[in-house]
Structures are given as C-alpha cells and as structure tokens.
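2 protein chains.
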Amino acid sequence: MHVVRDLKKIQDIGFASRLDRKKLALVPTMGFFHQGHLSLMRWAKENADRVVVSVFVNPAQFGPGEDLDQYPRDHERDMELAKSLGIDYFFMPEADDLYPQGFDSWVELPGFSKKLCGISRPIHFKGVTTIVCKLLNLTMPHTAVFGLKDRQQFLIIQKMVNDLNMPVIIEGRPTIREHDGLAMSSRNAYLNPAQRESAPIIYNGLLMIRHEVLSGRTNCRQLEDQLKNYYLENITGSDIDYVSIVNSANLESSSRAGHGDFMAVSVRLGRARLIDNIDLYQAMEDCAE
Amino acid sequence: MHVVRDLKKIQDIGFASRLDRKKLALVPTMGFFHQGHLSLMRWAKENADRVVVSVFVNPAQFGPGEDLDQYPRDHERDMELAKSLGIDYFFMPEADDLYPQGFDSWVELPGFSKKLCGISRPIHFKGVTTIVCKLLNLTMPHTAVFGLKDRQQFLIIQKMVNDLNMPVIIEGRPTIREHDGLAMSSRNAYLNPAQRESAPIIYNGLLMIRHEVLSGRTNCRQLEDQLKNYYLENITGSDIDYVSIVNSANLESSSRAGHGDFMAVSVRLGRARLIDNIDLYQAMEDCAE
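Protein chains in written order, with our numbering: chain R, 1 to 289; chain P, 290 to 578.
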C-alpha cells in the first residue's frame, strides 16, 4: 500500500489508472475506521482494479462550536486496516494543501443543503460538496463509494455529480450496524455507557415506523409525531434535532409515505449527534445486516 | 468538423482523447464569433492535437433585465468559421440538457465574484464558474482557452481551477482590437454609428493612464479619477459602471500602481455595456496588436 500525501502525486495516479484502462475506486473518509468504512473498502476492492482510500478530517464541513478538534483520529490503526484489506493507495492530504491561503471556491447545492441536517448545520454540506469535488478532481476515479447512513450526504453528492457533469459513478452502500442495531459511526466513541445503552432505540424507532407504514398507516406528520414521542419516552436525556419523512428525489417533505420516501432522524445524546435513516416500503428482510 | 449536441457524446470524445494520449483544447464561447474568438481557436489549433469549440449562450450568467434574449447569435456563420479553421468538434449543447429541471448545483467564488463587474452583475460570475466547471467536466480538456478582455472572468476561472484541483491548464490570450483600438466584443453589435465612433475612447483612456503610470504617477485613486473625468468629457452619453486599478492576484484595489496591477473599466454606451482592461507597468510595445 502506498501512502500518498502529495496532491500532484495522487492526480498522477488517477490519470495513470485512466491511461492504463484500470478502474479506480475512491473511498473518501474522515478516518477512525469502523466496520462501515471497511465494508465500503471491501466493495471497492471487489468492483475496481485499484482503490484509493482518502482520510481527511475536513475543517470546511465543521461549523463553529462543532467537534472538529475532538473528532476521533487514529491514522496508524487506519493504515493497518486499509493495508490488511489490500487497499492500493492511502491518501492522507494536509489541510494547508487542500485549503491554501486565499482559498475561496465553493460548490453549493442551496436547496438540498438547507434541509434535514442542514437546518442545524448550515455550512456543513457546502464543506462536504466542496471537498468531495476536490477529491474527485484529484483522483479522477471511475466510482466513489459512500455509506448510506449519511443518506442526505449521498443524495447531495449524487446530485452534484449529475448537475456538474462530473464523470464518476457515485455508489451508496448500506449502513452497517452493531448487533443491537445502532448504526456504526465514528461519533459513537463519544457515548458514555448509559448513552450507548439507549442509542439503539434510534433504529428501533425507525423499524417501528416502517412497520406502521407497511401496515397501512402513511400519514407522515402523524408518523413523525409518533417517532418523536417514542424517542422522548424511551431515550433519557435525548434532544431530537429532527425526525422527517422526505422523498429521495428532492428531499421534500412527504405527506403520505410512498415509494422513494425515507425517514431520517438526528438525535443528540450527550456530546454525540447521531443520525440514521430507513427506507419506507422496502421489504423488511432487506434491512437485516 | 463534427457537430455535437449530446452531452454523453462529448464526454466520450474527451475521454477518448485522454486514452489516445492526444492533447485536447477547449475554447468555450457564447458564439457570434469575431476575430477575438478566432484568435483563441488558432492558438488552440497550434497548441493541441484536437480542438473543441463550444457555443452556448449561458442563461445562468445573465441577470434579470440583462441581454440574454437579445444576445446576438449566428450558428451557421459560427460553424462555417470554425470549420474553416480546422476545428475538430463544434459543441452546441441545449440549455435543457445543461440545466435540467431541478438543477441546483453551483460553483461560487464569493470574494472574486463580488468585485468589478460583480458589483452591477451580482449573479454573473456564479453562472460563469458553474457553466465552465460543467464544460470542463464534459470535455476533460488539457487546456481551456479564454480571452483576456474578460480579465476578471479569466482570473476567476483560473482560481476556480486551482482551488478545486481541476486537472486543466487555463490559458489567457490577448485582447484583439479593431484598428481604432476598440476591444472586439459580440456586444459591439449593439452600438449605433455615433456610439461606435466614441467607443475607442475607452481604450485610449486606458493607454493614457498607463502612460501616466510609466511616467511615475502611481496614485491609484487619482488615476481612477483622471480616467473617469476623461470619459465623462469625451464620451457623450456614457455611463461609467466602474474604473478600478486592482491587483491580479486578489482583485483587491491597489493604492500605488505596481507590478501585477491592471486597470479595468466598464462603460455603458446605449444598450452596450463595454469592458476593457490594461496591464500597468507592461512595456508599451506589448500592447500593439
């Protein structure tokens, strides 16, 4: 595995793959790998000839007072894990190289970015789309792989790539969960034992709502209220950021749950802001992981 | 010459050039060719193996009340001219393909875009950077060629490409002028005979200011006032949009004219809004075209 820090060098690697007619996959991450990251890397290894994993905690997607400095990091362990999976290039750029003095070019999706997580994190997705655009330009991959836990992020990046005619396929892979259903996230490291114990209630609630929809109850406002009440009753000390049923085509609020709709939630548990989502109308079996 | 309207097809042509190891140059235009456009195409022919000329009057860079509908068009003549120069691909996309229903991804450089022309055209450069980003992604050229009459546009695009790590070289080519010094522009077609007669005063004034600077007078506010007064006295019915000495590194106003500074002007003459600029401190001979 080659560890690359230089922007020019990674771009040369991307071009070389194109010229060699080898399929290159990019797995962009902020590091501190869990099984979710590893599942993206395994998919990339199986579906491309060469794999670049990038690790960069992107300052531009953290707002003032957010957890940029506290975000967990372990480059040594990440490198070992990537190497064990046969990753070809471990790309670890420097913030000063990606955002040099005077940097001021931004990719923005004003509509999609204002919704769901964008309400409490107004600059977040502008940082995400800008860094992903840069990483795609730097690696020129055939495919870039993202986890569907960050469903809004995946949809925004897919829209950016389509709108801006970027020559890459965006692949979304299923959320990987702990045995009790909690979606894997680097931010789970922030949970104390009591918080960790109640965190699976987030996903249990989503399963409950999908069961309601499959049973024919499709009034979205009522379903959202039902889930809010469930969280308030069952998660001690929780602070609900949002609970929303939206359509994946436009992230607009749905009134009657139907095909293409998913339910997305964000709940604060102590220091951790945890997000999760579930497709409505999907066969229950598809959900088991 | 191949006339291409399909986005997928032009992207295939771009990739094929990369795989064939042929240098591709893109000349993005809004059509209605004059000698300025043709000089860009000639440069591209001499410096690349294959040349794509795009013709697209980009709605996103015109504000409300601007001249989108009146902007002069002559596709047949443009095609003939391009063909006569040996252009390989004439790319003429449709607005509905480039901006499909729901399009909402934008590339913005808030700092650079607010200055000079951005003061009276607040959405203009957001439209420019977005369409250029799209055209670069669609053609994947080694080089994209722009005229330096639109100096701010050139600097913004160069900055976008650097900031977003886009793998392309942005080439700026000198302004081509009529025999009396008027910078060639498709919008000169808007001038009536009396306006056309006074239009060369715009460039005469710029030459005068450069002469002042070379003679040791470098106080930028005084030079700007001198040029404004010159225009007001000599161009009947003129309406000065701006007259500014700025640095090409950051478009910031200079106080003392020095290396890297240029003077940029925008003057409204009837329906036409004409822009021009001149490098200060450049040897006078370099200016003759």
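Heads up, some of the hints might be wrong.
Here are the computed lysine to aspartate or glutamate pairs in the EDC-like style, where the Cα-Cα straight-line distance is at most 16 Å [to be verified]:
id, chain 1, residue 1, chain 2, residue 2
1, P, Lys-404, R, Asp-104
2, P, Lys-403, R, Asp-20
3, R, Lys-114, P, Asp-393
4, P, Lys-312, P, Asp-295
5, P, Lys-311, R, Asp-20
6, R, Lys-22, P, Asp-309
7, R, Lys-115, P, Asp-393
Keep in mind that the hints were calculated from the coordinates and are not lab data.
Hint check:
Distance hint between Lys-404(P) and Asp-104(R) is fulfilled; the C-alpha atoms sit about 14 Å from each other, no more than 16 Å. For the given pair, Lys-403(P) sits about 43 Å from Asp-20(R) by alpha-carbon distance, which is inconsistent with the 16 Å threshold. Simply put, Lys-114(R) and Asp-393(P) have alpha-carbon atoms about 12 Å apart, close enough for the 16 Å limit, and the pair holds. A hinted pair counts as satisfied when its Cα atoms are at most 16 Å apart, and Lys-312(P) with Asp-295(P) does not qualify at roughly 21 Å.
Only pairs whose Cα atoms come within 16 Å are accepted, and Lys-311(P) paired with Asp-20(R) is accepted, the gap being roughly 15 Å. This hinted pair checks out: Lys-22(R) and Asp-309(P) have alpha carbons roughly 15 Å apart, not beyond 16 Å. For a cut-off of 16 Å, the pair hint linking Lys-115(R) to Asp-393(P) stands: about 14 Å separates their Cα positions.
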